[in-house]
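The listed protein sequences derive, respectively, from chains R and F. Counting in the working numbering, the first sequence runs from 1 upward without gaps. Counting in the working numbering, the second sequence runs from 1001 upward without gaps.
Take these hints with a grain of salt, some might be off.
To be verified - Now the in silico label distances, taken between C-beta atoms and shown as ranges:
id : chain 1 : residue 1 : chain 2 : residue 2 : range
1  : R       : 194       : F       : 1094      : 30 to 36 Å
2  : R       : 80        : F       : 1202      : 30 to 36 Å
3  : F       : 1203      : R       : 80        : 52 to 58 Å
Said to hold, decoys possible - Taking lysine-lysine pairs in the PhoX-like style, the calculated list, with each CA pair at most 25 Å apart, reads:
id : chain 1 : residue 1 : chain 2 : residue 2
4  : R       : 39        : R       : 247
5  : R       : 195       : F       : 1032
6  : F       : 1032      : R       : 101
7  : R       : 222       : R       : 39
8  : R       : 39        : R       : 195
9  : R       : 222       : R       : 28
In short, the hints are calculated from the structure, not lab data. Glycine included, every Cβ here is placed at the ideal spot set by N, Cα and C.
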Amino acid sequence: MTESAPRAVAREIALSVEGLSYAYGHRKVLDRVSFLVEKGDLIGILGPNGSGKTTLFRLLSTLYAAPLGMITLADCSYPTQAAAARRRMGVVFQSPSLDKKLTVAENLVHQGHLYGLRGSALRGRVGELLHLFGLEERSRDLVETLSGGQQRRVEVAKALLHEPELLLLDEPSTGIDPAARREFWRHLFALKEQKGLTILVTTHLLDEAERCDRLLILDRGKRVAWDTPGQLRALIPGSVLSIRSPKLAEIEEELKRLWPGSIVRRADGALRIEPRAEESTGEAMRDAADLLQRFGGDVTALTVSQPSLEDVFLHLTGHQFDGQNEGSDGTEED
Amino acid sequence: MEPRKTSVASGNFGLGVYTLWSREVVRFLRQKNRVVGALGTPLVFWFLIGSGVGSSFRTGGTGSGDYFSYFFPGMLLLVVLFTAIFSTISLIEDRREGFLQAVLVAPVPRSAVVAAKLLGGMTLSVLQCVLIYVLALPLGLHFSLGSFALVVVTLCLLGLALTGLGYLLAWPLDSVQGYHALMNLLLMPLWLLSGALFPPEGSVGWMRLIIHANPLYYGLELLRAALRPERPGASLWLFGAITLLFTAAVGLAAVVITDRVRVKHP
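Just need the whole structure built from these sequences, with the hints factored in.
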């Protein structure tokens, strides 16, 4: 992707989010989140369960009205101008919003009516989208007879009927198999490239996040990062060492004594050691050899790897991505 | 924190109501078990209560005619009630993880959602009741165009009112189990104490009061007046006005609750 290419011209802003906050009772789930999305970008909203991303999605999709803060899509600001904003966005929910007892075409026609489309204009649009998503032969079939991947594609087709400028997707890969997932993302990229659609995707899958132009990383309701995946990985220079061992606690203590400057964290049953500044891969390899020599008998696995977005998350928040975040078990959201 | 008021233009109201209403009807007809259940349940009740239990009432104070013809209007009301329950119970799941999610972020006012739901419940109620009415005619029910018209109009009002009542219960809830509890606590007693099973005249004083305070009683009396015109009648205009007012109040409350009450999964 174009993450490192400098942009010669400032592009149009498609969506601006300013100081968005939300609370369920006294529990703050979103705390003054702001970001600006450029037209045509694919944005990933990344966060573990309880990070507030589902709440952010509900606010962006007008399902909730934010008591504090403002969202501006094109020239309409909401919550106050929610009606105008709704016409400009397409929303795909995490759980299916198709009526399974209706055919594919019937689902699309109902959706069109809700957006004021009718008659031959609507029929034309339905045909176009079924063609675009390769679903023409299934148009008269009941939705319940379609595969999970096909149903997801109908969901997106449905969200695009009224030609929105912004497409919002909540965890779109939930419940579909890997092959269908790849196919689904191929369609998303095509939409972005061919139609210049601005797309916002919430996800907890790091490989999906890698494919986005920009990432908003949320943790406990706060924005902890807003950058390209490349820039985010660049926060951690060099290679990350990871050790697995039954004697993690002792090794951890020893390491802190040996390399006082380095950042050692526990994640997912392993110790992860972030490289010291300007450390080359060669040096990292030497460190690895050194560690093996020292703790050899107790080490079950030792890996040297490029930093992943998971490492970035750990680096930014101090706790691991899939970990149990105490105090934010996300009972009401996610 | 109170949610700020959002404005949703009134555009698409008619088209939105039409499309959501037709979905209700098509869905019902496609689910064969729902059709069978909806028509079968009253027939079973009719047989068991109307002829089985009814014979033990024959010496009771129901006056002229047998218990079957007394029970028939109450059975129609039961069909309306069941239809209302089935069409509103789906709201809970539909809103959280179904079709309604997309409707709630579409540029249609929420009152269109309410209107479509109520009209859908009404349509299905009236269709089923008319079918049962026609089936029951050979058993000696009274028929004239005037009484048929009165039956249909009353059923329309009762269909709207009971679907609205189901809607009021379903909208703030986030579990189907909760709905079942309220249904047993409120909706079934509302039917039992409407005069459907026994007339208020023969009951003890406090029971008579409860029945007279039940708005469904007046709609039921209208059905009774249409189906048994020989019976010394209720004041049609007064009872009609009460039923109409009740329907309007419930419908209005449903619109208000949809707009105002923030539910966990809107």
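* Asked: Measuring from beta carbon to beta carbon, are residue 80 of chain R and residue 1202 of chain F in 30 to 36 Å?
  -> violated (59 Å)
* To do: State, for the Cβ atoms of residue 1203 of chain F and residue 80 of chain R, whether the hinted interval 52 to 58 Å holds or is violated.
  => Hint holds: Cβ distance 55 Å, inside 52 to 58 Å.
* Going straight from one Cα to the other, do residue 39 of chain R and residue 195 of chain R come out at no more than 25 Å? -> holds (11 Å)
* Regarding the pair residue 1032 of chain F and residue 101 of chain R, is the alpha-carbon distance no greater than 25 Å? -> Given that 25 Å is the threshold and the Cα spacing comes to 11 Å, the pair holds.
* **Distance restraint between residue 222 of chain R and residue 39 of chain R, which requires alpha-carbon spacing of 25 Å or less** => holds (24 Å)
* To do: Given the hint of 30 to 36 Å, check if residue 194 of chain R and residue 1094 of chain F actually sit that far apart at their C-beta atoms.
  => holds (34 Å)
* Given hint residue 247 of chain R paired with residue 39 of chain R - CA-CA distance at most 25 Å -> violated (51 Å)
* To do: For the pair supplied as a hint, residue 195 of chain R and residue 1032 of chain F, confirm whether the alpha-carbon distance does not exceed 25 Å.
  => violated (43 Å)
* **Straight-line alpha-carbon gap residue 222 of chain R to residue 28 of chain R, limit 25 Å** => Since the Cα atoms of residue 222 of chain R and residue 28 of chain R sit roughly 10 Å apart, the hinted pair holds (cutoff 25 Å).
Hints 2, 4, 5 from the list above are not met by this structure, while the remaining hints are.
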